[in-house]
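Chains as they are written, first to last, in my numbering: chain S, 1 to 278; chain R, 1001 to 1319.
Calculated from the structure, these hints are not laboratory results.
These figures come from a predicted structure and were not determined experimentally.
Yeah, the Cβ is synthetic: ideal placement off N, Cα and C, and Gly gets one too.
The reader is advised that the hints may include incorrect statements.
Unchecked claim - Cβ pair distances, simulated, as ranges:
1. S/Gly138 <-> R/Glu1017: 24 to 34 angstroms
2. S/Glu10 <-> R/Arg1154: 50 to 60 angstroms
3. S/Gly138 <-> R/Ala1270: 47 to 57 angstroms
4. R/Pro1050 <-> S/Arg223: 27 to 37 angstroms
5. R/Asn1026 <-> S/Met162: 44 to 54 angstroms
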Amino acid sequence: MKPATIEDLETIARHVRRNILRMTGEAASGHYMSSLSCVEILVSLFFSEMRCDPRDPGNPDRDRFVLSKGHAAPALYAVMAEKRYFPEAELSFLRRCQRPLQGHPVMHRLRGLDASSGSLGQGLSTGIGMALAARLDGRPSRVTVLLGDGECQEGQVWEAAMAAAHFRLDNLAAVIDRNGLQISGPTEEVMALGDLAAKFRSFGWHVITVEGHDLGALLGAYREMRSVRGRPVAIIADTIKGRGVPFIEGNLKYHTQPLTPEELARAFDCLEGGPHGT
Amino acid sequence: MEPDLSRCSHSRDAYGEALVEVGERNPAVVVLDSDLSASTKTSRFARRFPGRFFDLGIAEQNLIDVAAGLALSGKIPFVSTFAIFGCGRAWEQIRNTVALDSLTVNLVMTHAGLSLGGDGATHQSLEDLALMRVIPNMRVMVPADSTETREMVRFAAREPGPKYIRLSRRRTLDVFTEGEYRYDAASYPVLADGTDVTLCTCGCMVRESLLARRLLGEKGISARVIDVHTVKPLAREAVLREARRTGCIVSVEEHSVHGGLGSALAELLAEEYPVPLKRIGVQDQFGGSGRVDELYAHFGLDAASIARTVQDLVEKRRR
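Please take these sequences and the hints and turn them into a complete structure.
Quick look at the structure:
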């Protein structure tokens, strides 16, 4: 298969955004704001950076992905459907009883997930275990963990940050979706994270800061990541919560509140013709 | 019939030896600790297989999820630290990352119960059985002695799913013989026979219960003692058989009476075969500093206290 071009990735990202709005709209529930902020990150990982094959999801040499910010499940599901891990029609059953697409990802219910997640602060630790196992077995697998910025208020993230550097895990990367908002307000007002790059650097990580909606910049960050030896890599991606739908972008009102049918129609219009839609 | 009450050993030492044994047999076995390997005895494995041993430092939440990640990539992790920190501080990691997907992570926590005598309430663990028992998929085991500990480690290395094995800092009575004893989750070994009452016990309380049985014999009460090595899932038929046989059940555990062995037995018997039952354990209290024998006496867990409690129950029943 020929590598995806930036244009290909942009087309996929647009489709993923539509599906995020559609599925959370149908469910009248789900974190679409946090999902929209990590679309480019997920699309670039699944369609360019990571070695993963939906026809062979158990391959021990595959790259692993852990969605530590598990509430962005709609984004992950939309990307997995795009990648053909399961039929797109399943997206209509988000958060429904006894269906695979649980509100937060549950591995034993959905083939292709590498881990369950949702309780914040745990994914980076799980990723360390996977990276240690890959090193023990001499496998080429890389492990990428996507964290929310608010999530970095969890103490366990820093236990893990310390351990990953201690074990010199250069096959592990943490991507931080730095959208600056959490449920109660801006991260810097709720509990200031300060200079995340400096914090990770002081823990012994190689840090890359990138514009998180720029697909080309993200691919460049992954290239740099692969060249790093002897230390884990943190990619701090500056993003906008609700990206792609201007009237909800960065608007705290929409963090937990489902879109009304009218708002949803307006949001789809934005994606088709709006300033961020093409 | 009754074991020699003088031969004791550290089940932690047996754990350390058994880890090396299963590690030699299976290269997928890895061991994780939280800066306590000299106490938990995982240090033995660390010396033998340094590449497969990970000390995560004083960071229990990370410890548990790193083990989960190793399990997700096909390893068979054994994780050890003190019981209250492993089961307590990292409880939600165990629930959400280990047990939710039924990962094969073997939690072998030590220094449970009152066994950290001098260190006092913060380091003692009287709630761990309850904490682990309420988590779906979790198997909960308490070995009576060193031989049973080795058997459980072999079982844990071989069988899938999350497991909790509770060890003490204290020495346990050697009731079983290596090479003869086989761990069978579906039956509870009879340690001493009797007809008036069945003492259902585990771990360090095996010795106290056998000593109590001797005292009860002097009072004309015949007590049967069984080793309830698996608190979850309970071997239901084995418990019901005991209830039918003696018609009187007493649980003896170095744990809160809430949520542990006594609760598990009470729940089963109340629904399936109600018989007179007494739960001996710590009564909704924290531990404290002291020599372990002093603490046992203080909390009513020494042989004399157990015998008095059992005698009351049996005499009440006879009236």
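Structure-based check of all given hints:
1. Between glycine 138 of chain S and glutamate 1017 of chain R the beta carbon distance is about 29 angstroms. The supplied range of 24 to 34 angstroms therefore holds.
2. Range check, glutamate 10 of chain S to arginine 1154 of chain R: about 56 angstroms between beta-carbon atoms, so the 50 to 60 angstroms window is met.
3. Separation of glycine 138 of chain S from alanine 1270 of chain R is about 55 angstroms and conforms to the stated range, judged on CB atoms against 47 to 57 angstroms.
4. Remark: the range hint 27 to 37 angstroms for proline 1050 of chain R to arginine 223 of chain S is upheld by a beta-carbon distance near 34 angstroms.
5. Taking 44 to 54 angstroms as the suggested C-beta distance range, the pair asparagine 1026 of chain R and methionine 162 of chain S does not conform, at roughly 30 angstroms.
Violated hint: 5 only; the structure is consistent with all others.
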